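S.K.: Each chain, letter by letter, is given below.
Number of protein chains: 2
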Amino acid sequence: MSDGPPASALAPALLERLRALLGGRLSTSEADRAHHGHDESWHPARPPDAVARVASTEEVQAVVRACAAHRVPVIPFGVGTSLEGHVGAVRGGVCIDLSGMNRIIAVRPQDLDATVEAGVTRKQLNADLRDLGLFFAVDPGADATLGGMAATRASGTNAVRYGTMRETVVSLGVVLADGSFIRTASRARKSSAGYDLTRLFVGSEGTLGVITDVTVRLFGIPEAVLGAVCPFPSIAQAVATVIEAIQSGLPMARIELMDSNTVRAVNAFSKLAYAETPTLFLEFHGSPAGVEEQARNFAAIADSHGAQAMQWSRDQAERSRLWQARHNVHYAFLAQRPGAKVWPTDVCVPISALAECLAATEKDMAETGFYSALVGHVGDGNFHWGFLVRPEDAAEVAAAERLNERLVMRAIRLGGTCTGEHGVGHGKRKFMPPEHGEALSVMRTIKAALDPHGIMNPGKVLPDAEPGAEPGAEPGADPRPAR
Amino acid sequence: MSDGPPASALAPALLERLRALLGGRLSTSEADRAHHGHDESWHPARPPDAVARVASTEEVQAVVRACAAHRVPVIPFGVGTSLEGHVGAVRGGVCIDLSGMNRIIAVRPQDLDATVEAGVTRKQLNADLRDLGLFFAVDPGADATLGGMAATRASGTNAVRYGTMRETVVSLGVVLADGSFIRTASRARKSSAGYDLTRLFVGSEGTLGVITDVTVRLFGIPEAVLGAVCPFPSIAQAVATVIEAIQSGLPMARIELMDSNTVRAVNAFSKLAYAETPTLFLEFHGSPAGVEEQARNFAAIADSHGAQAMQWSRDQAERSRLWQARHNVHYAFLAQRPGAKVWPTDVCVPISALAECLAATEKDMAETGFYSALVGHVGDGNFHWGFLVRPEDAAEVAAAERLNERLVMRAIRLGGTCTGEHGVGHGKRKFMPPEHGEALSVMRTIKAALDPHGIMNPGKVLPDAEPGAEPGAEPGADPRPAR
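So the sequence lines, in the order shown, correspond to chains S and W.
Position 153 of the first sequence, counted from 1, bears residue number 153 in the working numbering, the numbering being contiguous throughout.
Position 366 of the second sequence, counted from 1, bears residue number 366 in the working numbering, the numbering being contiguous throughout.
These are computed hints drawn from the structure, not numbers from a lab.
From a predicted model like this one, the values you see are computed outputs, not experimental measurements.
In this text, a Cβ means the ideal position worked out from N, Cα and C, and glycines have one as well.
Incorrect hints may have been included.
Some chain W residues close to chain S (C-beta under 8 Å, calculated; not the full set) [unchecked claim]:
#1 Asp111
#2 Gly249
#3 Ala289
#4 Gly381
#5 Met432
Please work from the sequences and hints to get the whole structure.
M.R.: Rendered as C-alpha cells:
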C-alpha cells in the first residue's frame with residue numbers, strides 16, 4: 001500500500017475543468033488535502049489530489065462526470081468523523097466535500113419526516129426541529145453529517161428503540177458513477193414497488209454513488225424522559241440484566257454499557273464521580289406514567305442481577321451532562337494516553353452470544369496488556385472496545401491488529417458481524433469474505449455493474465481479490481455458525 | 001399477450017433431468033399447472049409448463065441449475081395468495097412450489113428471532129410460538145408463506161407498530177440464477193458490513209433469486225391488548241383522527257379504516273352488526289396501565305373529530321372475531337357479487353396527502369359506478385379500494401384498469417407509491433417508470449447483472465422496454481412532486 005499520488009497526478013485538463021466549475025472552491029493546497037485524507041481513527045492519512053467543495057447536486061454531478069471522463073476516483077467527505085479510513089484517497093482522486101451542502105430543504109411535521117442536503121449535521125437538524133417538538137433520533141455521538149451517516153449505516157445510543165439509519169432513511173438523492181441523478185424512493189412510509197434502492201445505498205460508503213440529499217423519519221420529543229445510571233459488580237451481571245430487559249419487551253430508549261476503565265476515563269475527562277465499576281447508562285421515553293412503570297420494571301430486573309445503588313435523573317440538564325459525557329468517550333480515551341490514537345473496535349452479535357463474546361474478549365484484552373475501554377450499545381448486541389495505540393509504533397499497531405482480528409473472527413463465529421455501525425471502510429475489508437462467504441460475489445457483481453470503471457471511493461468496502469489473504473481463510477473452514 | 005406455451009415446450013432433456021431429481025414431485029398435469037398459474041386476484045391464469053415440488057434448498061439449486069442450462073424461466077410459488085399476477089408463468093417455465101419446505105428450523109427466544117423454511121406460513125409459525133409468549137407480527141390477512149411475504153415485502157394491519165417485512169427480515173437464504181446459494185446477512189440485530197443484500201432480496205419478487213429460508217424478528221406477546229371499534233360520520237373525520245393520533249406519537253398496534261360499503265360486506269359475510277358508516281378498527285398493545293392510557297388519549301382525539309359511540313373490547317375471543325372479520329374482507333367482497341373477482345388496489349401516500357387522495361378517489365369511484373369498498377392501513381398512509389369485476393367482461397376490466405390508473409397516478413403525484421404492500425408483479429409494471437424515473441435504470445442494471453439470462457420470474461417487477469407505453473409518459477412530464 002503506497003501513498004496516494006501527488007496532486008500533479010491529476011491531468012491538467014481535469015484540474016482546469018474542475019477549476020472552471022468551482023473556482024476557488026477547488027483546492028489542491030497541502031493543508032486542504034491533508035485535512036480531507038483522514039478520519040478520527042488511527043488509520044494513516046491518505047490525502048486526495050484535490051478537494052472539491054460543492055454547493056449543489058448539479059455540481060456533484062458535474063464533478064463526477066469530469067472525474068469519470070478521466071477515470072479518476074471520487075471520494076465523498078462530510079465532516080470526517082468516520083472511523084475505518086472511509087475518506088482516505090487510497091488510490092488518489094478528488095475529494096467531494098459536501099459540508100457546504102447544509103440546507104434543510106423541508107420539514108414536514110404531519111408526515112414526521114424531513115429532507116436535508118447531505119452536509120447537514122445531526123445537531124444542526126435537531127436544533128432546527130426543537131421548536132416543532134420533533135427530533136431526529138439516530139445519534140452516533142459525533143456530530144456527523146446525515147449524508148455520512150446514511151453512507152455508513154450509522155446508529156448509536158438510541159438505535160435499540162428508534163432504529164438505525166437503515167430504518168430511518170426514507171429516501172435518498174444519489175449521483176451515480178456516470179453523473180446521472182436518481183431518487184431512490186418516494187416519501188411513502190412503506191412501498192413494495194421494486195428493488196429497495198434506498199437500503200442499497202444506505203451503507204454503501206460512497207462506493208456506488210454520492211448521496212446528495214437525505215429524507216429521514218422524525219419522532220415526537222417524548223412527553224417524559226427518565227435517565228438512570230446503574231452500576232454492577234461485573235460486566236456479566238450488567239449483560240444478564242440487558243438480555244432480560246430486552247426479552248421482557250421493555251421499550252428502553254437507550255441502554256449503554258461501560259466498563260470500569262471507561263467510567264474512570266469519563267470521570268477524569270468530564271469531571272464526574274460515578275462509581276468506577278461496570279455501569280449501565282439508561283434512558284426511558286414515554287408518558288410520565290409510562291416511564292415510571294418502565295423504570296420500576298427495569299429496576300426489578302437489575303436488582304435480581306445484583307445491581308448496586310441506581311441513580312435516577314429526571315432533570316434535563318443533569319441528563320444532558322450524562323449523555324455528553326458518554327458522547328465524549330472517544331476524547332476521554334484519547335486524554336488517557338497523550339499522543340495515542342483510538343482503535344475503535346465495533347462488532348455486533350446476537351444478544352444471546354453477547355456475554356460469551358465480551359468475556360472472551362475481556363480475557364484476551366487483559367492478556368495482551370493494551371489500555372482498553374469498553375462502551376457498548378448492548379441492547380443491540382453491539383459494542384466497541386477501544387484500544388489506545390501510537391500509530392508510529394509498528395509493533396503496537398500490529399499487536400492491535402491481531403487483537404482486533406481475534407475479536408472480529410470471534411464475533412463472526414458467534415453469528416455476528418465485523419461492524420455494527422462504523423462501516424467497513426478501508427480497515428475491515430479483509431473481514432468481508434469470512435463474514436459473507438458467497439454473498440460477497442453478489443456485492444462485487446453489483447459494484448461492477450453500477451461502477452464499471454471503479455471510480456467511486458475505490459479501496460473501500462470490498463476487498464481486492466487476493467486469494468488466501470483473508471484472515472482464517474483455510475480451505476473449507478467456514479467460521480460462520482450453522483443457521 | 002399470448003398464453004404460455006404448452007407443457008411440451010420444455011425440452012425433453014430438461015423434463016428428464018427434473019424427473020430424475022424429483023420423481024413424482026415433478027408434475028405436468030393440467031390441474032397442477034392450472035392451480036399454480038394464478039393468484040387470488042382478477043389476473044388471468046398463466047399456467048407454468050411444469051410444477052417442481054421441492055423439499056430442500058439443494059433441490060431448489062438443482063432445479064435452477066437445470067433450468068438455467070436450458071434458459072427456461074423459474075417462478076417461485078408459496079401458497080398463491082399474491083394479488084398482482086406474481087405467480088403467472090407469463091413466459092412459460094417451471095414453477096418451483098416451496099410449500100413443502102415448511103420446517104421451522106430454529107426459534108431463539110433470547111434473540112427474539114426465528115429461522116424457517118420459505119414455505120412456512122405465518123399462522124403455522126405463530127401456532128409454534130404461542131407457548132413461548134412470542135409472536136411474528138407481520139399480518140397481511142391471508143395465511144401467506146414467509147418466503148412469499150419476504151418476496152413481496154408484505155405488511156398488513158400491524159405494520160404501523162411492528163414494521164413490514166422490510167424491518168422484520170433479519171437474513172435470507174437465497175438461490176441465485178446460476179444455482180449458487182448465499183446467506184444475505186448474519187443474525188446480528190444491526191450491521192454496517194457492506195451492501196444490504198437482505199433488503200435487496202426483500203421485495204424482489206423472485207426476479208433476482210429464490211428465497212429458501214427466512215430469519216425474522218419476533219416480539220413478545222403484549223401483556224395487555226385492547227381492541228376498539230370507532231365509527232365516524234365521514235371518511236375525512238376518520239382520517240383526521242388517524243393523522244392526529246400518529247403525530248401525537250400514540251403507539252397504536254393497529255389502525256384500520258373501512259368505509260360503509262366494507263362494513264356492510266363484513267356484516268353480511270361474518271354475521272356482525274357494526275354501524276354501516278366509516279369506521280376505524282383499532283388495537284392497543286402494552287402494559288395494562290399503558291393500553292388504558294393509550295385508549296384514553298385516542299378517544300379524546302377521536303371525540304374532537306366527531307367520532308360516534310366507541311366500542312371497547314378487552315375480551316380476546318371478541319377481538320379475534322373482529323380481526324377475523326377484517327381479514328375476511330377479501331372474501332366478504334367476493335360474496336357481494338357472485339362470479340366477480342376482486343381488483344384490489346394498493347397505494348400508499350405520505351399521511352399528509354391521505355385525505356386528499358381518498359376524497360378524490362371516492363369521487364372518481366362514485367362517478368364510475370363500480371361496486372367498490374375501502375380498507376386502509378391508514379396509519380401508514382396505505383389503502384386498498386377493491387372493486388368487483390367480472391374478468392370475462394372486457395369493457396368492465398378496461399374501465400377498472402382506467403380507474404386504477406387514475407388512482408395510482410394520483411398517489412404518485414402526491415408523493416406516494418403505486419403499491420404499499422401487494423407488490424408490482426405483472427400488473428403494476430407500467431407504473432414503475434412514472435414512480436421511479438431514472439432510478440428504474442439502476443433496477444434494470446441490477447437485474448441484468450444478477451440474472452443475465454432473464455430466467456428468474458421474467459415479466460415481473462420491471463416493465464419491458466417499450467418507449468411511450470407508460471401511463472402519463474408525456475415527454476418532460478414528471479408526475480412526482482418536487483422534493
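S.K.: All the hints need checking, so say for each whether the structure fits it.
M.R.: Results for each hint:
no.	hint	result
1	Asp111	holds, 4 Å
2	Gly249	holds, 4 Å
3	Ala289	holds, 6 Å
4	Gly381	holds, 6 Å
5	Met432	holds, 6 Å
The structure shown violates none of the earlier numbered hints.
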